[in-house]
Amino acid sequence: MTTLLKETLDSQSIYMPTPARIVDTVELTDLEKVFKLKLPSGFELNHRPGQFVQISVLGIGEAPISICSSPSRSTGGTFEICVRRVGNVTNAMHALKPGALIGVRGPFGRGFPIERFRGKDILFVPGGLGLAPLRSLINEVLDERGKYGRIIILYGSRSPKDLLFQAELKEWQRRADIECHVTVDRPDENWTGNVGVITTLFPKVTIHPRNMVSVVVGPPVMYRYVLMELLGKGIAEGNIWFSFERRMKCGVGKCGHCQMHHIYTCQEGPAFSYAEIKHLEEAL
Amino acid sequence: MSFRIMPKAAVPDWITWLRSRYRVVGPRQLKDQFVFDEINSPDELSLDYPTSILPPKKYLLPPTEELFQFTTKGMHTKASLEPRPTVIMGVHTCDMHAIQLLDRVHNTGYADQHYQARRQNTYLVSIECLNPCTEHSFCKDMGTLSVPENFDLHLTDLGDEYGVDIGSEKGEELLRGFASVWDPTEEDYRHVNQVMAEKWPRFSYRFNFDVTELPDLLALSTKSSYWNELGDLCLGCGMCTKVCPTCYCFNVKDEVDLSLTEGHRVRIWDSCQVDEFALVAGGHNFRSTRALRQRHRFFRKGKYQLEAYGLIGCVGCGRCAAACLVHITPVKTFNELYRRHKQGEAVEAQS
Amino acid sequence: MSPKPTVAFFEFTSCEGCQLTVVDSLQDHPELLDAIDIVQFREAMSEKSDSYQIAFIEGSCTRPSDEAKIRAIREKAAIVVALGACAHLGGINAIRNRSDMQEVREYVYGDKANWFPTYEPRPISAIIKVDAVLPGCPIDRNELVKAVTHLLQGRMPQIPDQPMCIECKLKENVCVYTQGKVCLGPITLAGCDAICPTYGDGCEGCRGTISNPNFQSLREVMLEHGVSEEEIESRLTMFMTNQILAMAKAQ
Amino acid sequence: MAAKNLKVDIHHITRVEGHGNIVVDVQNGELKQCELTIVETPRFFEAMLRGRPYLEASHITSRICGICAVGHATASLRATERALDIEPTEQTVLLRKLNFHGEILDSHILHAYMLVAPDFLGVGSVIPLAKTAPDVVLRALRMKKLSGDLCKAICGRHTHPIALTVGGFTHYPSNDELVALRERLEAMRPDVDATVELFQKLSMPDFERDTEYIALHKDEEYCFIDGVIASTDGGTWPIKHYRSVTNEQIVEHSSAKHTHNKRDAYMVGALARFNVNYNQLNSKAKAAAIALGIKPKCTNPYMNTVAQVVEIVHCVEDSIALIDKLLARGIRQEEPVPPGRLSGEGVGACDVPRGTLFHNYVIEEGKIVGANCIIPTGQNLANIEADMRGLVPTILDQPQDKVAQALEMLVRAYDPCISCSAHMLDVKFV
Ligand SMILES: Cc1cc2nc3c(=O)[nH]c(=O)nc-3n(C[C@H](O)[C@H](O)[C@H](O)COP(=O)(O)OP(=O)(O)OC[C@H]3O[C@@H](n4cnc5c(N)ncnc54)[C@H](O)[C@@H]3O)c2cc1C
Ligand code: SF4
Ligand code: SF4
Ligand code: SF4
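Chains as they are written, first to last, in this note's numbering: chain A, 1 to 284; chain B, 1001 to 1351; chain C, 2001 to 2251; chain D, 3001 to 3430.
Chain A with its partners taken away, still in its complex shape (with noise of 0.2 Å):
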């Protein structure tokens, strides 16, 4: 089995892409969908949690998508991505069918260092999008559910209709070993849950900041309410984790557009704790 990294590496340009197929979508909401795809034969992902690959549509373009299924469960060449439909490449993609291929390098970036959160509670914050890339980090946790102390998930979302993985938030609300809570901005005449921005489910959960680690994954105007909340509950700066959003061009530091200060997003990250970033004014 080769991974994709190595045949993007081996290959004769870290730029050229490598066809995978579509092999199902789910449509999630008006503007997300989940995109199964499977590497040609003999290859796997072998990514980590927190990683992004980088999808081409050939004659469009290329965009930089996080891997929203876990390693565990992706096996067989076969894994998955969540894409907001925003502009030309997600478009496209969009509009492709089941069987159809596309273009896949990667995964790249350094992921969430998920050795380091065994045996410790995880406070996992996302906010709408930002749960693609930390249901791979979840999913990963709860297949290993005995490695790791109180999973709590507080998700955020603009309203109940663009709320993503609604089954598997189903599943995780049922389950008496996770506590998960989620608040929308504007709800429906159905919602009977927590109305308001994501911070207001902070008072519906106890926190041991001795042993907790906290993942934040969301728009950029998140982060510095949902860190001035982990920051006064006592949770250290070094197990706040963060991953962060930046035009890529190339995925592989050459391109310069990830560039915080010195640090290019694509190579350190996308995910950092706080401790590495907060002298960083470019970063949030």
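None of these hints come from the bench; they were simulated from the model. Keep in mind that this is a model prediction, so the values were computed, not measured.
Distance condition first, Cα-Cα at most 25 Å in a straight line; then the derived BS3-like pairs of lysine-lysine:
#1 B:K1253 - A:K97
#2 A:K38 - B:K1078
#3 B:K1078 - A:K6
#4 A:K97 - A:K36
#5 C:K2146 - B:K1078
#6 B:K1073 - A:K33
#7 C:K2171 - D:K3145
Away from chain A, derived, C-beta distances all over 12 Å, residues of chain B:
#8 N1040
#9 E1173
#10 G1231
Note that CB positions come from ideal geometry on N, CA and C, so glycine has one too.
Starting from the structure of chain A, add chains B, C and D with the ligands where the hints point.
Structure of chains B, C and D with the ligands alone, referenced to chain A:
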């Protein structure tokens, strides 16, 4: 490696001889400036040129470079990796330092095969600068006034002849079989020493501090109000980054034919000075003001590249200073930051 | 392949040079005719159909009676593209907006000043929503072909938000400021391959500005190069009159 | 003639530049109304020039018309140069002529092949021709491309030239470019021959009406730039006396003015040039004229297109001769000639594809204070209407759609450029 002598009168023949084997590019005149361009006949070559509009970098990282060709149906791809063997004549020492940095960048981490392929097929014939090339250059400050060891051949103007340092096997190849070069005499060596000794004092230092202090100076200037002043002044035209021998950021684009069946993916020089450089879908711009973009540019030149690759990101060629219509220059910027820093220290000391 | 998109061309007040450029682009790309189905193009053909998906509109709107026609096009077309500076900015026609309209009319028609129902030339976007723009006076052929390709791919043509100087430097032109000429390159949207500086003349700004032009700093540059305030105004109001007037009004 | 009622109302004539309507009203066999209405919005160019630096005039006025942009720019430059006492160099004169040929070729090929030929080949435009006669269309595109490239090499682009400036050029073609163009022009000869053959085969409607033909004239060459104004009715006038020839008049039904000289109307354009300047055509062009069955003085307005084909032959050959002259001298990077004074009045005239064009400027301290432009199609309007009045009675027996088509073809034969003719200005000079 070895050292030879070539009479200037033999240069035209040498160029013709080289042209029968390689693509030969070098400085040639365009109106009252110079550009690196293909040399079609020896008289087009001006080895004695001040500076060029774009650096010779353009042969290693072309402004638009095809990465691969593709078909949209069936996703057949073919990497574009067959550069023509090219001799670049007359590269100044600052640009040689820049190429050294580009080599590091493209060989560190994920190696960039496109750069590597071009680099391996490129023969660098550098030339010793005996006089400051323009009023804008500051190579002496940046330590780029002498050639780094990446040349294949290095020329030194000795009046009627060139001293030719052979720096590599590839350099040997450029002379192999060409008759009009000979071994130097004692006299030639003395001549070289004399030329080098006379050259040094002609260049002056233009920084008010030592370049080794630059990274620290920048680190202390992150919040300087000077960036806002630059931001007000800067046109955001991006010329400074286009002409810089050490800039290498790029954008990627797909181009397809009208039948939407075949196309290619290209990369194009990009500029951190334009608005959309750090813009992401959803409209968030992570470096949204000209002030922040100017700061980023100068930090890359004076600090980031040094920390990441061990080589400073500015080679003192002065091209950006010449191009900038509002006179934003590295020398002025760094000296001003230094002045303000000193002033700040003085104020602190007083209080 | 899906059936060819139907395309119609319309013109309002203009010199029809952009439409001519469309015809010219056939010289290098005859396959354009295979890619799209042109159903209306008065300047070049008599056949005409009123059912079209993509409408290219050339020219600025210069009289109230044009507005209804423009709205009718919007209702029929799924995509409306403004073709050229007149449609995009008001173009050269808008120069007269610097003077009082009544005064211009009187200068031209004397006592018959109110005969012709013209008003201040304005871009098409002042009347209807425009989905995309092909800037320039005239438009750039390569950009047209690229735009058609993008439309065929089902995406909107986008003009990169970059200033002209970038293209100009890539062509290694000698900056015209060093030759004592004026240039709007630092604030003008690139895409024409810096054709004016390439042919020795400064950019006149026919493509409109980048999203955040630094007018103030450019004025200083021009003053420094000995350009008088009057000449600066003149240059800035060749194609950008409406924008300059709007800025003056906002202040 | 049978008493007959007929109404033709053609809204927006197609395959012409700009908007014009044809209105014909015949009641009981009597022609009540016969008009070509110009419905283009006035463009106010003369008003827009007021107060602008003289260097901008040619760039602004080239925007009067996208098809004869080089013509407008050249006439504008000549007006400015005469006002400011600038004598362009010989090289400038040669390059401008060559540039002008590029535009004449581009425009004539467009008109003959893409706008007129479809009428004779029974199609509505060049687009179906691409399927039925691809060789003809590809030939037209090939020839047009070369004409465009000729302009491009000299002034940057045909539609809205760049390098043309007061006193000279801001950019020069290289010797290599000229050599390459010369080779391509030579290689274009078979296409030119094929064009002559094609138009030999198309039979033009039979309609004669004698009128006055006016064009610029020089004894030593087939004139497009400068010269004197000459008429087939006899007489020449210096360019600066253009007003005594054009006699502009306001007519009610049209936003463009009408003109007349010795008779009620006169014609300008390729046919007028052919009639006035036949002797100055080069030998190849004369041979083509014989082959095409046209000789001076030709009074069939439909033959204007044929005269254009003769000019295509002339211009291709003359372009080669001009390039030879330029190459023999070698291209020099000259700075434009500076003005001798900053105030004055001047008239510039060119014979652009559609006929004689005049620009007249008054400049004070480097700024334009008064301007007047007289456009060929404006001069032709009265003559077109006179032709229509002559034509309609001869074809009244035909069905209405045939009458309409004949009228539309007549108007099209003039290659009218309606957007530029709508200029409307009561000229005021200070
Ligand atoms: C590490 C990382 C992980 C991501 N994961 C996901 C994910 O799981 N699901 C998802 O839907 N989206 C994800 N995104 C965002 C996604 O990459 C952008 O929405 C996408 O690039 C937009 O491309 P487009 O062509 O559809 O949009 P357009 O608006 O057409 O893009 C315009 C241009 O901007 C560039 N651009 C805009 N935004 C971005 C961006 N954020 N990053 C890079 N280039 C950008 C595009 O490449 C394009 O050239 C991720 C981004 C990053 C950096
Ligand atoms: S920053 Fe300026 S001086 Fe330094 S290498 Fe780049 S262009 Fe030359
Ligand atoms: S060249 Fe000068 S004005 Fe232009 S982006 Fe660079 S610093 Fe700004
Ligand atoms: S000529 Fe104009 S576009 Fe070119 S570099 Fe100078 S200012 Fe910029």
